[in-house]
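Novice: The lines below spell out each chain.
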Amino acid sequence: MKALLSDRIPWVLIIGLLAATTPFWGSRYQIDLATYIVIFAMFATSLNLLIGSTGLVAFGHAAYFGVGAYVCGIFMGDLGIPFIAAWILGGVGAALVAAFFGYFCVRLTQTYFSMLTLACAQIVWAIAFKWNEVTGGEQGYPRVPMPEMGFLDPLFAPFVHPRALTAAKFYFIALVLSGLCIWLLQRITRSSFGRILNAIRDNPERTQFIGINVRRYQLIAFTLAGAFAGLAGGLFGIYKRGVYPDYAYWSKSAEVLIMTILGGIHSFWGPTVGSAVLILLNGMIVSYTEYWPFVLGVILLVILFAFPDGLMGTIEAFVSKPGERPEIIAKLIWWSAAGYAALVAVIGWTAAPRNLVMIGAGVAALAVLGLLQAHIMRVLERVFAFLKGRADA
Amino acid sequence: MHEVMLEVRNLTKAFSGFVATNDVSLTAEKNRITAVIGPNGAGKSTLFNLITGHIVPDQGVVILEGRDITAIAPHKICRLGMARSFQRTNIFPKLTVYENIQAAFISHGGRGLDMWGAATRQFRDKTDAMLDSLALTDVADTIAGEMSHGAQKQVELGIALAGEPRILLLDEPTAGMSAQETRESIALLAKIAQERGLTLLFTEHDMDVVFSISQKIAVLHQGRIIATGSPQEVRENEEVRRVYLGGGKH
Numbered sequence: 001m002k003a004l005l006s007d008r009i010p011w012v013l014i015i016g017l018l019a020a021t022t023p024f025w026g027s028r029y030q031i032d033l034a035t036y037i038v039i040f041a042m043f044a045t046s047l048n049l050l051i052g053s054t055g056l057v058a059f060g061h062a063a064y065f066g067v068g069a070y071v072c073g074i075f076m077g078d079l080g081i082p083f084i085a086a087w088i089l090g091g092v093g094a095a096l097v098a099a100f101f102g103y104f105c106v107r108l109t110q111t112y113f114s115m116l117t118l119a120c121a122q123i124v125w126a127i128a129f130k131w132n133e134v135t136g137g138e139q140g141y142p143r144v145p146m147p148e149m150g151f152l153d154p155l156f157a158p159f160v161h162p163r164a165l166t167a168a169k170f171y172f173i174a175l176v177l178s179g180l181c182i183w184l185l186q187r188i189t190r191s192s193f194g195r196i197l198n199a200i201r202d203n204p205e206r207t208q209f210i211g212i213n214v215r216r217y218q219l220i221a222f223t224l225a226g227a228f229a230g231l232a233g234g235l236f237g238i239y240k241r242g243v244y245p246d247y248a249y250w251s252k253s254a255e256v257l258i259m260t261i262l263g264g265i266h267s268f269w270g271p272t273v274g275s276a277v278l279i280l281l282n283g284m285i286v287s288y289t290e291y292w293p294f295v296l297g298v299i300l301l302v303i304l305f306a307f308p309d310g311l312m313g314t315i316e317a318f319v320s321k322p323g324e325r326p327e328i329i330a331k332l333i334w335w336s337a338a339g340y341a342a343l344v345a346v347i348g349w350t351a352a353p354r355n356l357v358m359i360g361a362g363v364a365a366l367a368v369l370g371l372l373q374a375h376i377m378r379v380l381e382r383v384f385a386f387l388k389g390r391a392d393a
Numbered sequence: 001m002h003e004v005m006l007e008v009r010n011l012t013k014a015f016s017g018f019v020a021t022n023d024v025s026l027t028a029e030k031n032r033i034t035a036v037i038g039p040n041g042a043g044k045s046t047l048f049n050l051i052t053g054h055i056v057p058d059q060g061v062v063i064l065e066g067r068d069i070t071a072i073a074p075h076k077i078c079r080l081g082m083a084r085s086f087q088r089t090n091i092f093p094k095l096t097v098y099e100n101i102q103a104a105f106i107s108h109g110g111r112g113l114d115m116w117g118a119a120t121r122q123f124r125d126k127t128d129a130m131l132d133s134l135a136l137t138d139v140a141d142t143i144a145g146e147m148s149h150g151a152q153k154q155v156e157l158g159i160a161l162a163g164e165p166r167i168l169l170l171d172e173p174t175a176g177m178s179a180q181e182t183r184e185s186i187a188l189l190a191k192i193a194q195e196r197g198l199t200l201l202f203t204e205h206d207m208d209v210v211f212s213i214s215q216k217i218a219v220l221h222q223g224r225i226i227a228t229g230s231p232q233e234v235r236e237n238e239e240v241r242r243v244y245l246g247g248g249k250h
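Protein chains in written order, with my numbering: chain A, 1 to 393; chain B, 1 to 250.
Among the hints, a few may not be true.
Unchecked claim - Using 20 angstroms as the maximum straight-line C-alpha spacing, the simulated DMTMM-like pairs for lysine to aspartate or glutamate come out as follows:
| no. | chain 1 | residue 1 | chain 2 | residue 2 |
| --- | --- | --- | --- | --- |
| 1 | B | LYS191 | B | GLU233 |
| 2 | A | LYS240 | A | GLU138 |
| 3 | A | LYS331 | A | GLU381 |
| 4 | A | LYS321 | A | ASP309 |
| 5 | B | LYS30 | B | GLU164 |
| 6 | A | LYS388 | A | GLU324 |
| 7 | B | LYS126 | B | ASP141 |
| 8 | B | LYS94 | A | ASP309 |
| 9 | B | LYS76 | A | GLU205 |
| 10 | B | LYS191 | B | ASP128 |
| 11 | B | LYS30 | B | GLU3 |
| 12 | B | LYS94 | A | GLU138 |
| 13 | A | LYS321 | B | ASP141 |
| 14 | A | LYS321 | B | GLU146 |
| 15 | B | LYS94 | A | GLU316 |
To be clear, the hints were calculated from the coordinates, so they are not data collected in a lab. Please read these numbers as outputs of a predicted model, since none were measured by experiment.
Construct the entire structure; sequences and hints are all you get.
Specialist: Following this line, the structure appears as structure tokens:
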């Protein structure tokens, strides 16, 4: 099914070209958004090595993102170490911390594992928050310098507006390094090691009895995922020109988790797609409404209820299984309608003065959609199956 | 007399006071098929879990080819040449049949920590041969978890055999199979055991199966071995008749 997707349209080429040329056609704001996306694509993909490949739902992945950001930032800012060396040290530091916490975490399973990773992340956050001498404590560490990027001037200076030049050059560095890391993660995911991780995800007990030390493999996966999260964090600290305790906070962990689930955990490119979609959506929606968290909640609800395989999983099913298309389209329409009705109701509620008509209309629509869900879905499915039959004939 | 492959000596395990395995001693001879039978709750699965290291015994030892393997971690015992199947079917449900078998070969071939080479290129010949010998070639690309129970049992057997074990422990290999599937599966098992020179130790509730292929039978009752011997001897044993065979069922 992946072959189908890439055969018809050269997706990788199109997206690669789009990404590589962003500095030349994009505004300063768009370049910033693109940098954010490539960094979080790597961050989310590293998380999916645990969730999708190994079946370990880690709730505290931001801890290693934060450690990488602090180590890279402080080594560059206070110790004057060159960017590439500091960046790699950030990854190594994150890997060491991940190995230490992971040693305890992989001894627990499922919910307990998830809760312990969250607890470990809160420890990292608390240390960053209080260790004033090193991390700058609550105020954060704002002295992260831009790396020396003069060698990129010939490539960008003639084409990019001077005010966007630094952003363009750093975007390029982030794109190359993040691309490299995602490629490495792909090799790992599809390697023999990755296959054993899949076996552990499916059935840890059985995996033990094909001669695998399950905890050891889980710990290696945890450490690797932490290392790549740390490398993403290092880039993010430079991008934001500072490192703050909230990089390791649970809300950051939740953000990357939502991206991963939105894109789809069963597809390697799911987390990348998820981070792009969520970041772009955020960028668009915040200029229209202040209810971004509400929109985010609705998106998550729809994904979890209706499309648990995420965007990529659903698209792959749509392309490869024509029989499921009417159902997918019907679900999409029903859930969009429900989401829209909920949004109308909430906007009516929060408007000043409270708009009773909007609340009433939204709630009524939700009630109708909810009560008649089975019927509506059946009718929609029939309509689309009929249309499909006509199209095929 | 045949050489001893596996020996269990005075094995005892209690779970919060309840003695699941009580002073069990048993041997499985090389290249022979040994069955452990007994009513539900007799302690068959516990005995298997003790042998394979999933449960640590309170007392007693497990000896594999002269080597004490008591309380060694399961993955290490597996590497010493013992393979097992589980009572509830135990496969990798989201992987394809092909990937299931291939994963087992990757592990046994020592390539588990290879993070570079693509998994799809590993051990293709061996995987193909295994699928062929289990008549699974046609369903190689099916998601294993979506297949019938009987077919999943075949996959599980393939995973176990991929380690080229010298002894295979099967916990109720025909549980949940139809009569037809049971016959086919048992014929295949006997054939594979003979071809590969495998020592087989299995538990089973279907008495026809047990008496048709085993060369030795041990009867477990309330955690104790009450009789051991050839099928003929066990069939004629008074106590066995009383507690088990005489029960009407089977």
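Novice: All hints, please: hold or fail.
Specialist: So, going through the hints one by one against the coordinates:
1. Between the alpha carbons of LYS191(B) and GLU233(B) the distance comes to roughly 25 angstroms, so the proposed pair goes past 20 angstroms and is violated.
2. Of the supplied pair hints, the one linking LYS240(A) and GLU138(A) holds, its CA atoms being roughly 16 angstroms apart against a limit of 20 angstroms.
3. About 9 angstroms separates the Cα atoms of LYS331(A) and GLU381(A), which keeps this hinted pair within 20 angstroms; it holds.
4. With a C-alpha separation of about 14 angstroms, the suggested pair LYS321(A) and ASP309(A) falls inside the 20 angstroms cut-off, and the hint holds.
5. Under the criterion of a C-alpha separation no larger than 20 angstroms, the hint pairing LYS30(B) with GLU164(B) is consistent with the structure, at around 15 angstroms.
6. Under the criterion of a C-alpha separation no larger than 20 angstroms, the hint pairing LYS388(A) with GLU324(A) is consistent with the structure, at around 11 angstroms.
7. Restraint check for LYS126(B) and ASP141(B): the C-alpha separation of about 16 angstroms stays at or below 20 angstroms, so the hint holds.
8. For the hint linking LYS94(B) to ASP309(A), the alpha-carbon distance of about 13 angstroms falls within 20 angstroms, and the restraint holds.
9. Restraint check for LYS76(B) and GLU205(A): satisfied, since their Cα atoms lie roughly 14 angstroms apart, inside the 20 angstroms limit.
10. A C-alpha spacing of about 19 angstroms is found between LYS191(B) and ASP128(B), which places the hinted pair at or below 20 angstroms, so the restraint holds.
11. Restraint check for LYS30(B) and GLU3(B): the C-alpha separation of about 6 angstroms stays at or below 20 angstroms, so the hint holds.
12. Restraint check: the Cα-Cα separation between LYS94(B) and GLU138(A) comes to about 45 angstroms, which exceeds 20 angstroms; the hinted pair is violated.
13. Taking the CA atoms of LYS321(A) and ASP141(B), the gap is about 16 angstroms. The hint holds against a cut of 20 angstroms.
14. Restraint check for LYS321(A) and GLU146(B): satisfied, since their Cα atoms lie roughly 16 angstroms apart, inside the 20 angstroms limit.
15. With a CA separation close to 16 angstroms, the supplied pair LYS94(B) and GLU316(A) stays within the 20 angstroms bound.
Figure legend: structure checked against the earlier numbered hints; hints not met, in rising order: 1, 12.
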